[in-house]
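A.B. asks: Residue numbering for the sequence shown follows the working numbering, beginning at -1 and increasing consecutively.
If you are wondering where the hints come from, they were derived from the structure by calculation, not from laboratory data. Warning: the hint list may mix true and false statements.
Label pairs and their computed distance ranges (CB to CB) [to be verified]:
1) Ala31 - Tyr10: 24 to 30 Å
2) Gly32 - Tyr10: 28 to 34 Å
3) Leu(-1) - Ala22: 20 to 26 Å
Beta carbons: idealized from backbone N, C-alpha and C, even for Gly.
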Amino acid sequence: LKSTVIDAGVDYDIRGMEKPSDHAPTWIELNLAGRV
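Can you build the whole structure from these sequences, using the hints too?
C.D. replies: This is the structure:
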């Protein structure tokens, strides 16, 4: 899996909202081309 990771992060826009939760969405972009 590690070799397929292109980018990853946290959606900081959500964390910047008024009264944000302690949790925030994360995202990951994978290169799955040619994988089954």
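A.B. asks: Okay, which hints does this one fail, numbers in order?
C.D. replies: none
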